[in-house]
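S.K.: So you can see what is in the structure, the chains are spelled out below.
Number of protein chains: 4
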Amino acid sequence: MRDWRRGAAVLLALGTVAGVGAAWGDERVLAHVDTEAEAATNLAQDIWSLAELGYQEEGSSRRLQGYLAERGFAIDTGAVNIPTAFVASAGSGAPVIGILAEFDALPGLSQAAVPRRQPLQSKGAGHACGHHLFGAASAAAGAAVAAWLEETGRTGTVRVYGTPAEEGGSGKVYMTRAGLFDDVDVVLHWHPSDRNDASPYSSTANKSGRFTFHGTAAHAAAAPERGRSALDGVEAMNFMVNLMREHVPQESRIHYVITDGGDAPNIVPEQAQVYYYVRHPQAERVAELFERVVKAAEAGALGTGTRMEYEVMHGNYPLLPNDVLARLVHDNLERLGGIEYDAAEHAFAREILATLDGDMPPVDSAGEVQSFAFRQNMGSTDVGDVSWTVPTVGFGTATWVPGTPAHSWQAVAAGGTSIGHKGMLLAARLLAVTTVDLLENPELRAAARDEFEGRRGPDFEYRALLGDREPPLDYRR
Amino acid sequence: MRDWRRGAAVLLALGTVAGVGAAWGDERVLAHVDTEAEAATNLAQDIWSLAELGYQEEGSSRRLQGYLAERGFAIDTGAVNIPTAFVASAGSGAPVIGILAEFDALPGLSQAAVPRRQPLQSKGAGHACGHHLFGAASAAAGAAVAAWLEETGRTGTVRVYGTPAEEGGSGKVYMTRAGLFDDVDVVLHWHPSDRNDASPYSSTANKSGRFTFHGTAAHAAAAPERGRSALDGVEAMNFMVNLMREHVPQESRIHYVITDGGDAPNIVPEQAQVYYYVRHPQAERVAELFERVVKAAEAGALGTGTRMEYEVMHGNYPLLPNDVLARLVHDNLERLGGIEYDAAEHAFAREILATLDGDMPPVDSAGEVQSFAFRQNMGSTDVGDVSWTVPTVGFGTATWVPGTPAHSWQAVAAGGTSIGHKGMLLAARLLAVTTVDLLENPELRAAARDEFEGRRGPDFEYRALLGDREPPLDYRR
Amino acid sequence: MRDWRRGAAVLLALGTVAGVGAAWGDERVLAHVDTEAEAATNLAQDIWSLAELGYQEEGSSRRLQGYLAERGFAIDTGAVNIPTAFVASAGSGAPVIGILAEFDALPGLSQAAVPRRQPLQSKGAGHACGHHLFGAASAAAGAAVAAWLEETGRTGTVRVYGTPAEEGGSGKVYMTRAGLFDDVDVVLHWHPSDRNDASPYSSTANKSGRFTFHGTAAHAAAAPERGRSALDGVEAMNFMVNLMREHVPQESRIHYVITDGGDAPNIVPEQAQVYYYVRHPQAERVAELFERVVKAAEAGALGTGTRMEYEVMHGNYPLLPNDVLARLVHDNLERLGGIEYDAAEHAFAREILATLDGDMPPVDSAGEVQSFAFRQNMGSTDVGDVSWTVPTVGFGTATWVPGTPAHSWQAVAAGGTSIGHKGMLLAARLLAVTTVDLLENPELRAAARDEFEGRRGPDFEYRALLGDREPPLDYRR
Amino acid sequence: MRDWRRGAAVLLALGTVAGVGAAWGDERVLAHVDTEAEAATNLAQDIWSLAELGYQEEGSSRRLQGYLAERGFAIDTGAVNIPTAFVASAGSGAPVIGILAEFDALPGLSQAAVPRRQPLQSKGAGHACGHHLFGAASAAAGAAVAAWLEETGRTGTVRVYGTPAEEGGSGKVYMTRAGLFDDVDVVLHWHPSDRNDASPYSSTANKSGRFTFHGTAAHAAAAPERGRSALDGVEAMNFMVNLMREHVPQESRIHYVITDGGDAPNIVPEQAQVYYYVRHPQAERVAELFERVVKAAEAGALGTGTRMEYEVMHGNYPLLPNDVLARLVHDNLERLGGIEYDAAEHAFAREILATLDGDMPPVDSAGEVQSFAFRQNMGSTDVGDVSWTVPTVGFGTATWVPGTPAHSWQAVAAGGTSIGHKGMLLAARLLAVTTVDLLENPELRAAARDEFEGRRGPDFEYRALLGDREPPLDYRR
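So the protein lines, in turn, are chains A, B, C and D. Everything in the first sequence is counted per this note's numbering, starting at 238 for the first residue and increasing by one. Everything in the second sequence is counted per this note's numbering, starting at 238 for the first residue and increasing by one. Everything in the third sequence is counted per this note's numbering, starting at 238 for the first residue and increasing by one. Everything in the fourth sequence is counted per this note's numbering, starting at 238 for the first residue and increasing by one.
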């Protein structure tokens with residue numbers, strides 16, 4: 238283990254002077270991003286308005302594909318059995334740099350671009366995780382790199398991966414499992430945020446399942462002794478999982494909602510269902526914990542005279558960090574700098590802040606870049622599986638008012654304004670210059686690969702946590 | 238207490254010879270039922286097809302009102318604040334005999350009139366409690382009595398009460414509370430069944446409530462310590478109620494479904510809801526038990542750092558039996574006899590029976606009348622409240638294949654065939670002759686009133702179990 | 238089934254005139270009871286003072302055996318593997334009438350013979366179920382019958398069964414299982430009570446078990462994730478049993494205490510135990526319910542990563558009533574009459590009543606005999622198993638102040654005074670005259686046997702609910 | 238906050254050269270420890286054999302006081318209301334160095350000094366935390382320092398604090414609350430261990446309570462509806478606390494045992510009790526969490542119709558580390574070195590290791606000193622409260638076979654052999670030389686005080702977590 242770390246450090250020291258310094262010189266790609274700015278903004282707004290849920294992003298996916306096709310990308314939509322997934326390629330030959338593009342929305346978070354709670358549509362969806370910006374920035378960066386490749390005549394390929402259903406659908410896992418990243422040198426991703434940060438970080442592994450219990454219906458007043466309540470099975474399972482919380486590693490996370498709690502009080506419930514997520518920073522721990530949760534479900538059925546079956550819904554690896562790549566992105570981000578608000582944006586930000594509780598960072602922190610340090614996030618992402626297959630790096634830019642949590646209406650609101658657009662364009666610029674750096678510097682790619690191999694270990698073999706299941710295309714219906 | 242019982246017995250003995258015997262002589266009213274048979278069958282089928290849920294029975298109510306208006310009834314729809322309730326009157330002056338008419342369907346039980354499970358509409362409603370027959374038979378009996386009143390020139394009023402939302406909506410309670418039965422001498426009702434039975438019986442009192450818990454949302458992986466799960470509140474309440482089961486009178490019934498178990502596993506649920514029914518043969522016991530359930534809800538909130546509020550949804554008194562009236566109906570039913578199946582009906586019955594488990598009565602029991610004996614049903618009905626306000630009597634006829642439970646698709650199926658229609662017409666005939674008996678015999682009415690007063694006790698004062706709440710017109714939306 | 242009932246009724250009618258009337262004539266046996274009165278009172282007081290727990294009643298058993306041996310009884314103590322059980326016989330040949338004698342005390346109920354709470358010994362045992370009176374009255378009745386047999390020269394045998402550990406030890410079940418009652422014609426028993434009652438009655442079948450869970454100990458603060466709490470297993474089992482309460486016949490009773498809840502909070506409990514009773518008026522239902530409880534225990538282990546084993550502790554059949562015998566005893570009791578208090582006893586009773594809550598019967602009700610009607614008790618007794626093996630009858634006399642519940646300190650107190658002694662002597666008289674009636678009247682014995690056979694049914698085969706286990710001689714240690 | 242850290246670092250750098258280096262020169266005190274070796278060993282063995290539980294350590298306390306009095310210490314036993322607490326002083330004037338001495342044993346861990354499970358006494362107590370060694374080493378070190386003070390004529394006081402009931406009794410908290418440490422410059426403590434380690438470390442704050450529920454007794458079969466189970470209250474409380482586990486900071490620890498789970502299954506439990514510990518690295522968090530646990534207890538009572546009261550049993554602050562002092566002790570420990578086993582000890586160690594599971598350190602690690610690094614222990618100690626009152630430092634020596642966990646019979650066994658004695662003497666030597674260092678170096682004391690003040694913060698005010706309660710002198714009875 239120590240070898241790659243030392244090697245990486247040495248190379249980084251060199252890199253800062255030679256490789257990266259040299260790469261940065263080619264600012265031409267930024268001009269191409271500027272050219273795309275208006276189109277990318279429109280693209281983002283269209284997806285924001287569509288606000289389509291996981292695996293149902295037909296309009297959003299079509300819009301992204303159209304944008305890229307117009308800019309000369311070849312589109313492949315047949316690679317996995319997911320109608321809204323695609324791989325768009327430009328340039329030719331090695332090296333191959335991939336850029337991920339997400340575009341799914343979240344249910345129940347419909348919201349206008351105003352600094353107060355105002356749904357556009359009752360119970361409608363909204364881009365509370367900013368994936369409309371994610372998709373648009375990645376597409377714009379891809380377009381800029383494609384133009385740069387053509388302009389400079391360099392060899393190399395840029396690919397934009399249209400990856401659906403990040404929110405609980407694990408779209409990228411199916412794409413990883415299908416081998417779509419196997420020939421890529423480095424994968425770049427980013428995420429909308431309330432700050433600009435390119436530190437190395439990890440996330441938690443996650444495995445989810447729906448546990449369905451089947452009981453025996455009976456009139457709850459006339460013959461309750463003939464019934465066996467499926468909801469009893471759910472509650473017994475939950476009880477035992479809640480007892481289990483004392484006896485798991487403290488970094489574990491287990492959470493559930495009851496998705497079917499019976500139909501009517503006067504009928505002993507024949508069916509009931511509970512939906513679980515199980516997380517931990519390590520994939521092996523998650524696999525073990527999930528098995529214990531399954532045991533609790535089996536016990537819930539056994540002890541209540543019901544029957545249980547479960548369906549694994551999704552599963553993600555933790556993000557495998559890469560210090561070589563993170564340092565490269567961080568240095569680029571520092572050069573590009575943060576985001577300045579104009580007066581209207583300041584006013585909007587102040588109104589948003591008034592709706593949030595807790596200690597808030599200053600609004601001007603949107604203009605800063607966070608210091609470089611490893612961070613362990615407790616959330617999960619399907620980029621995790623990609624990151625165990627190919628050296629991968631990500632970052633965040635301030636697309637939301639500082640202090641805004643993800644999955645909030647405040648995130649939807651800011652994402653529909655110029656605040657979101659500025660963050661998106663910064664992301665596009667950072668993706669573009671970093672891609673060019675990686676295309677131009679074989680040493681960087683090699684150092685990233687060394688670190689990647691070292692972290693995975695020699696015996697690593699990728700096996701999706703979600704097993705062999707097919708994509709749950711209807712999980713949001 | 239002993240006085241009225243003895244008095245009733247004496248009067249009954251006389252009644253059997255004199256009053257009732259005399260009344261039965263007037264078979265003219267049965268001819269009027271026969272005249273209505275076809276129209277009543279069409280009426281029932283229309284309501285069966287509409288299959289409208291509680292308080293949403295616009296079409297069904299309109300159809301019933303139209304039928305009665307055409308036959309000279311005066312319709313009053315403004316009496317309570319329920320759009321689908323009505324009171325239809327014919328004749329004039331005292332005595333006043335009321336006939337109840339229900340017409341609401343049950344969710345999720347859509348079914349074709351075939352002897353195998355075949356929904357007409359996915360997740361649609363169906364008449365699994367046969368209220369289409371209930372409404373149509375009562376309307377037809379009312380029409381026949383109205384014709385008889387006109388034909389004979391007798392003084393007296395027949396009223397058909399259109400009572401919505403029996404299934405969990407307690408429509409009759411609001412009508413009772415508003416005094417709509419205060420000037421009635423006797424109320425008749427009936428219910429579709431798998432047998433012909435006019436025994437005296439009671440039901441359980443019932444009080445239901447929705448308990449909504451409010452917690453604090455948080456990202457379930459990133460900051461679970463900042464969240465307080467509303468679902469925890471629900472589960473804690475349920476836990477304590479389940480412990481309580483050991484410490485309630487054994488005839489109590491408490492049952493619940495979780496109607497909101499959280500939105501998504503990765504968010505600590507901000508809101509959750511559980512829907513409870515509490516029953517016992519005595520209304521006072523139900524009031525006490527409900528208070529204990531409320532305490533468990535308060536405790537669930539206290540112990541999980543959440544907030545709780547609840548809404549009483551409905552509440553029914555137990556049926557107050559009346560032996561004088563039950564004996565009258567029973568004797569009439571024995572004279573009218575049961576139902577004979579033709580070959581096609583026999584074949585249908587055999588196919589239905591093949592789909593049911595347990596010890597089944599013989600198909601030919603549809604032709605019999607059950608012996609006279611008191612029966613305690615554990616189910617509930619909003620007729621209960623009527624029965625504590627005015628002397629009330631009910632019965633069942635075999636509208637379903639013997640062995641069919643209520644609230645089953647098999648009940649919907651049979652209710653849409655000639656089996657259901659035959660049972661309905663028997664009910665209409667029994668309602669009609671009994672109404673005429675009651676119009677003609679003041680001694681019967683007085684004896685029924687004596688028994689009624691004796692059973693209620695001198696200090697009884699009616700107070701709806703559901704309190705002052707307004708009808709929950711959207712409880713099925 | 239109807240045959241034996243009709244037969245019994247016929248015979249009873251005859252019996253009242255002929256058989257029983259004739260039997261009663263022989264009042265000589267009552268004189269023998271009077272002769273024993275003082276010795277019996279001393280015997281009772283000695284056992285009251287010893288207050289020995291189940292299977293540890295060495296002193297009490299010895300005292301009873303000595304009393305009977307002195308009066309010519311042959312004592313057999315080797316019949317079952319229980320040191321404190323015995324069978325004492327007098328007379329010879331058929332018929333054989335058995336009289337049961339209990340003598341075990343209850344833990345924690347030590348109490349002086351005063352009308353206020355005053356333990357004789359901290360945490361000591363006390364005769365809160367009056368078994369000291371039970372044993373002494375039965376022995377005295379046996380002695381009187383033995384003297385009568387000798388005096389009259391009649392053929393016949395009277396047996397006094399010394400039956401230990403009624404309170405949770407099921408001593409009689411082992412004696413029944415060993416065939417000790419197989420050649421007996423009728424068995425008589427009685428029980429201390431707050432009233433005089435010889436109605437036919439039944440009790441609940443009962444099966445109990447200790448469920449022991451084994452987990453993995455760990456430091457609860459330093460390494461809770463390595464521990465698996467045995468107490469979690471207990472709580473999970475209990476949770477599922479509490480859910481089960483909704484889905485059992487309403488006459489079921491399930492109750493438990495946690496007999497081992499872990500040693501110290503800072504150690505994850507390696508062992509924990511819960512002790513369950515399961516009851517229902519029918520033995521088959523109890524067997525089924527117990528299996529469901531075992532399933533819940535297995536599920537509790539499965540879902541918490543622990544291991545479970547259980548030991549059936551005791552098991553009783555319900556009492557099989559016998560109307561023929563009950564009527565005989567009831568008539569005898571009416572002739573003997575109730576109990577009159579003197580002034581001191583009245584004063585004692587008033588003081589006792591002041592310590593009790595609820596609606597109390599009048600003190601003078603000790604002088605009455607309760608009316609004859611079937612009663613279903615929800616408690617259990619190991620006399621149940623005897624009653625399914627041989628026609629059996631029991632009754633109660635007022636040994637406690639009216640209104641006193643069993644298992645109370647008030648019962649211990651009265652049982653140590655002349656109130657208890659008077660009740661005991663009434664019981665001895667009633668046992669004695671009834672035994673003589675049965676010895677003298679073959680028709681009575683035959684009618685009782687007919688009813689017995691009819692109630693058991695032709696296919697009945699006795700199988701102890703506690704299975705093959707040996708007596709738990711240390712269950713009270 | 239940064240000031241003291243920088244200051245400490247500077248002083249440490251100096252200290253290593255000047256202060257500490259100079260102090261070490263005075264090896265004379267080690268000769269005094271050697272003189273005490275045999276007596277100290279006998280002292281330890283006597284306390285090991287007494288094995289007295291918290292607040293019942295009359296013999297052990299007397300033996301320690303006698304040892305110290307013989308060596309010229311003045312003994313004060315009246316300072317707090319605890320019969321077995323004492324303060325022994327030698328020397329005079331400032332500075333004052335305190336040495337803590339514990340001596341209580343643990344229940345259920347009686348064990349001979351042999352390498353296999355062999356209790357000396359069934360259910361007896363044993364020194365499974367090595368407090369016999371703790372007390373003896375501290376007394377011996379105190380004696381050696383007293384001799385050194387006399388020999389050298391230096392001004393200064395050494396105090397040995399006899400601190401009872403560390404295991405759950407929080408003896409030191411009452412001594413701290415009474416101000417017994419207010420005039421001390423530095424407090425030293427140590428702990429038996431399976432390794433030699435003088436790193437700075439912290440522990441968790443801890444607050445414990447017994448929650449007693451009061452219900453209504455009733456016959457569980459005859460009248461369960463009249464009972465309210467106190468055990469229901471306990472189980473409801475536990476349920477809500479187990480739900481709470483998801484919503485507490487992950488470093489929290491909450492654990493419980495049920496100390497009273499009811500008397501007999503056939504009685505609805507009138508009383509039940511559960512004993513909770515609540516921990517977290519920060520005292521404020523523990524106070525908050527304990528309040529939430531109390532809320533769950535109140536809710537458990539509210540929701541089950543029972544009544545609850547609770548008694549705070551003990552409460553400890555976390556250890557406040559002191560790097561200045563820890564570095565001093567660590568350097569001294571490195572100079573003194575670890576422990577070498579002879580052949581017999583090696584054989585004993587191998588037999589012990591065969592009884593332990595998991596990854597074991599090598600036996601020879603008893604000869605090593607662990608590297609210097611901060612450690613967060615999740616266990617708790619009442620030294621915590623001392624450490625927030627006066628600069629405090631502790632360490633461990635290998636008194637147990639490497640790999641032995643505390644609170645195991647293996648710890649009792651080794652503690653009764655020469656392995657334990659060697660570890661104890663190393664501890665005595667390290668305490669003695671460190672005390673002399675501190676007596677001789679005012680700069681060290683000042684630096685330790687600076688760090689102490691900095692870590693506490695300017696606004697700190699000591700308030701015992703256990704509040705105003707008096708010592709629970711009978712908590713182990």
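It should be emphasised that the hints constitute simulated quantities derived from the structure, not laboratory data. Where hints are given, some of them may not hold.
Not everything, but these chain D residues come out facing chain A in the computed CB check (under 8 Å) [unchecked claim]:
| hint | residue |
| --- | --- |
| 1 | N479 |
| 2 | R482 |
| 3 | E483 |
| 4 | E488 |
| 5 | H492 |
| 6 | T496 |
| 7 | L573 |
Over the 12 Å line for every Cβ pair with chain B, so calculated as not near, a few chain A residues [as the list claims (entries may be wrong)]:
| hint | residue |
| --- | --- |
| 8 | Q282 |
| 9 | P344 |
| 10 | G416 |
| 11 | R447 |
| 12 | A460 |
| 13 | Q510 |
| 14 | Y514 |
| 15 | L590 |
| 16 | S617 |
| 17 | G691 |
Just so you know, even glycine gets a beta-carbon here, dropped at the ideal spot from N, CA and C.
S.K.: Tell me the numbers of any earlier hints that the structure contravenes, in ascending order.
M.R.: 6, 7, 9, 11, 12, 13, 14 and 16
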